[in-house]
Amino acid sequence: MSEAAVLGSSQTATSGPGQKSPVRTPAPQSGFAPWKDPSREPIVRFQNVVKRFGDFVAVKDCTLDIYEREFFALLGPSGCGKTTLLRMLAGFEKPTSGRIIVGGQDITDLAPYERPVNMMFQSYALFPHMTVEQNIGYGLKQDAMAKPLIEKRVEEAMTMLELNRFAKRKPHQLSGGQQQRVALARAIAKKPRIVLLDEPLGALDKRLRQQAQFELMRIQETTGTTFIIVTHDQEEAMTVSSRIAVMDHGEFRQVATPGDIYEAPNSRYVANFIGDVNLFEGKVVKVDGNFAEIDWGPGLARFKSLAPEGCTGDQQVWLTLRPEKIRIAFEKPSDASNAVPGKVVDVGYLGSISHYHVELGNGQRVKALRANSARTVERPISWEDNVWLEWPPETGIVVTR
Amino acid sequence: MRRWLLISVPYLWLVVFFLVPFFIVFKISLSDIATAIPPYTPTFDITDIRGFLSQLDFENYAFIFSDSLYVNAYFSAIKIAAISTLLTLLVAYPIAYGMARAPKEWQPTLVMLVILPFWTSFLIRVYAWIGILKKEGLLNLFLMNLGVISEPLTIMNTTTAVYIGIVYSYLPFMILPLYASLEKINPSLLEAAADLGSPPWKSFWQVTFPLSLPGVIAGCFLVFIPATGEFVIPDLLGGSETLMIGKTLWGEFFSNRDWPVSSAVAVVLLLVLVVPIVLFQRNQEKQREAA
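Chains A and B, in that order, are what the protein sequence lines are.
So for the first sequence, my numbering puts the first residue at 1; every next one is plus one.
So for the second sequence, my numbering puts the first residue at 402; every next one is plus one.
Do not rely on the hints blindly, as some may be mistaken.
What the hints assert, rightly or not - Computed spacing ranges between beta-carbons, pair by pair:
#1 A:D143 x B:K536: 54 to 60 Å
#2 A:K152 x B:V549: 38 to 44 Å
#3 B:M402 x A:G202: 34 to 40 Å
#4 A:P128 x B:I678: 48 to 54 Å
#5 A:F56 x B:R404: 16 to 22 Å
#6 A:K191 x B:P504: 36 to 42 Å
Source of the hints: derived by calculation from the structure; they are not laboratory data.
C-beta atoms are modelled at their ideal positions from N, C-alpha and C, and glycine is treated no differently.
Here chain A stands alone, though its shape is the one from the complex (with noise of 0.2 Å):
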C-alpha cells in the first residue's frame, strides 16, 4: 500500500466522525488545525522519502505535512523509523530518495550547519568543557553574532527554563532534569524555525517527565516555535502534540490528532498501540444507515456498531471498544443496543478506577474500567461475579485491517 493512501485513509477516518455527527466532538479541541485548511502552506514537507541502511528499509515512501506553531509527535516502537526521519530532517542522514521541504525551501541537500532546525538529543549532547552558559551561546557564537547580543538571548533562554543560577556550572555538576532543561534552552536559544526533539524525556523519571512535558507545552507556546518530537512513550505524545503520526516498520500508520488517534484509529495496531483496546473479530452482516451490524460468532448477540467507510457486507471487521467506554452492570440492560454476560475473572483496584477482566461465554476476556465515584457501594462487583457487559453502538469503533 503507497504511503499517501494510508494518509488519505487516516484523513477520512479523522474528519470521519465529526462529520457524522457534529454535534459531537471526542476530545479536548483547541481550535487550532491549519492542516485542516488547505491554503496553510505548511513549513515541514516529506515528499515521498526513503530511507535504506544496506539492506534494511529504515523509512519505506513517506510524505508528511507539518504547519507552524504544530507540536508535532512521531510515535512508534523502537526501530519504526521516527528517528531516523527526524535525523533526516536534521540532516545527519540523507534521504536514499525523496525531497525534505522546510519553509519552501528544499534543504535535501543542505549540510546540518546549514539548516534552520536545532535539535534536543536524547543523550541532550552538552559540551562538558563548557558551562551551563557557553553551551547554550554555542549556536549564537556560529552565527557570529555581537557579544552583548549572545549575553541577551542566553540570558532569556536561561530564564525561561529558570536556570540562571547554573549558569557558571558544567554539565556534570547539574542533575539530570536540569541537563535536560539546558539542552532545550540551547535548542531553542537561536529561535530556529523548528525544533527537534529526540525522546527529550526518555532519561527522567516518571514524576519529572510529567513536569517536563508541560514545561515542553509551555515553551513550545510562548516561542511560538514548531516543535517535532520523537518518543516511543504514548501518553507523552497524547500529552503534548497537536497531532500524532504513528509509524511502525518505516510507515505512518495513522495521522491525526491525540483525540482521533485515540477514539478514531483506523486500524488494530494503531488501537492496540494507543491505550487500552478491546478487540472483536467478526463479520459485517447489515449495513443500515451509518450503522453496521457485526456477527462475532455463532450464537452470539449481534453487535451494532459505527459502519465504517465504504463498508460492504460480509467483510471481516474488528471492532475496537476501549474500558472505559463500557459499562458493567449486574442487570442485563433493558435498551441496550450491545450487552453480552460473561463472569469477572479479575479485578484492580486502583482508588480513582478500577479494572474488570470478564470472560465472556466463548472464552474471551474483556476490559472494563469503572471511575469510583461514589465512595461506597452497597455490593461491589468482585471476582465469580456473573455480570453484564453494555456499550452505546456509537462507542466501538469498526476497523477493517
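Using the hints provided, position chain B relative to the given structure of chain A.
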C-alpha cells in the same frame, strides 16, 4: 592487613628498584674519580661512617655548572625533545583521529598495528633507520629514482635524523593516549555542534580538540620525558653537532670512565625532569577525577 600487604608491593618495588639505585648514583656523584675498581673513592665503609661521609662533597656539581658543555647539553636536549614532541604530536594526531573514527570492529586491529613495532628491539629499529637515511640509503635511492632529487640528501648524522628517529620511536606513546581520549568523545557532540551551525573544521577546534586535551598533554609528557634523556638515537643517527645530555652522560661514563661526574649529570637530569613528571602526574590525577 591484606590491604597493607597489597599496597606494600608497589612501594617495595619502588624502594628496591628506584630509591636504592638512586641513592647509589647520588652517593657516587658526591665521590671523587679514582683509578680503581670501582673507579671512584671513597667506597662505602660500615666501620668508619664518619670518615666516609667526610670525604663526600658537591665538587662534581660545581664542575658541571661551571663547564658550559654540560649546561648547553641540557638545554640542547630539552630543545630537541620539545621540538620532537611537537612533531610527534603533529604526526600522531591525524593517525589517532583516524583510528577513533574508524569502524568499531577495526579499532582493536589498528591499536595492535600501532604497538606492533614494540615486538622488535628498539635498538634494531633505530639501526634500520641508518639503512634508510644514509647517503646510499633507501630514502635517497627512492627519491633519486623518482627524479625528485639529483644529489643524495645528507640526513644521516644530522639533528634532522635525530628528530626523525625520536618521532618514529615515540609515536606509539603519543598515539595511544590521544586515541584513548578521542575515542571517548561522544559522536553526538559533533552532531550537536553541526546542528547549532558549526561547520566541521570549527567543530574540531571548539569541541574535538579541547576534549582531547588530556590525551594531548599525557602524550606530550610521555614523549618529552624519555626523549630528553635519550642517548641511543642521537648516538646512532645524530652527528657530532647533535648535543644531547644523554649522549654526554654516556660518553662520560664509558669513554671518560668518570663515574662521579656522570652520576652528577644523571642526578641533575633527574631534577630537570621532575618538573614535567609532576605536571604529568597532576594531569593524570585531574583526568581521573573528571572520569
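Results for each hint:
The supplied range of 54 to 60 Å is met by A:D143 and B:K536, whose beta-carbon atoms lie about 57 Å from each other. Distance hint for A:K152 and B:V549: a CB-CB separation of about 58 Å, inconsistent with the stated range 38 to 44 Å. Judged by the Cβ atoms, the range 34 to 40 Å given for B:M402 and A:G202 is violated: they are separated by roughly 48 Å. At about 27 Å, the CB distance of A:P128 to B:I678 disagrees with the hint of 48 to 54 Å.
A C-beta distance of roughly 53 Å is found between A:F56 and B:R404, which places it outside the suggested range of 16 to 22 Å. The supplied range of 36 to 42 Å is met by A:K191 and B:P504, whose beta-carbon atoms lie about 38 Å from each other.
In this structure, the hints that do not hold are numbers 2, 3, 4 and 5, in rising order.
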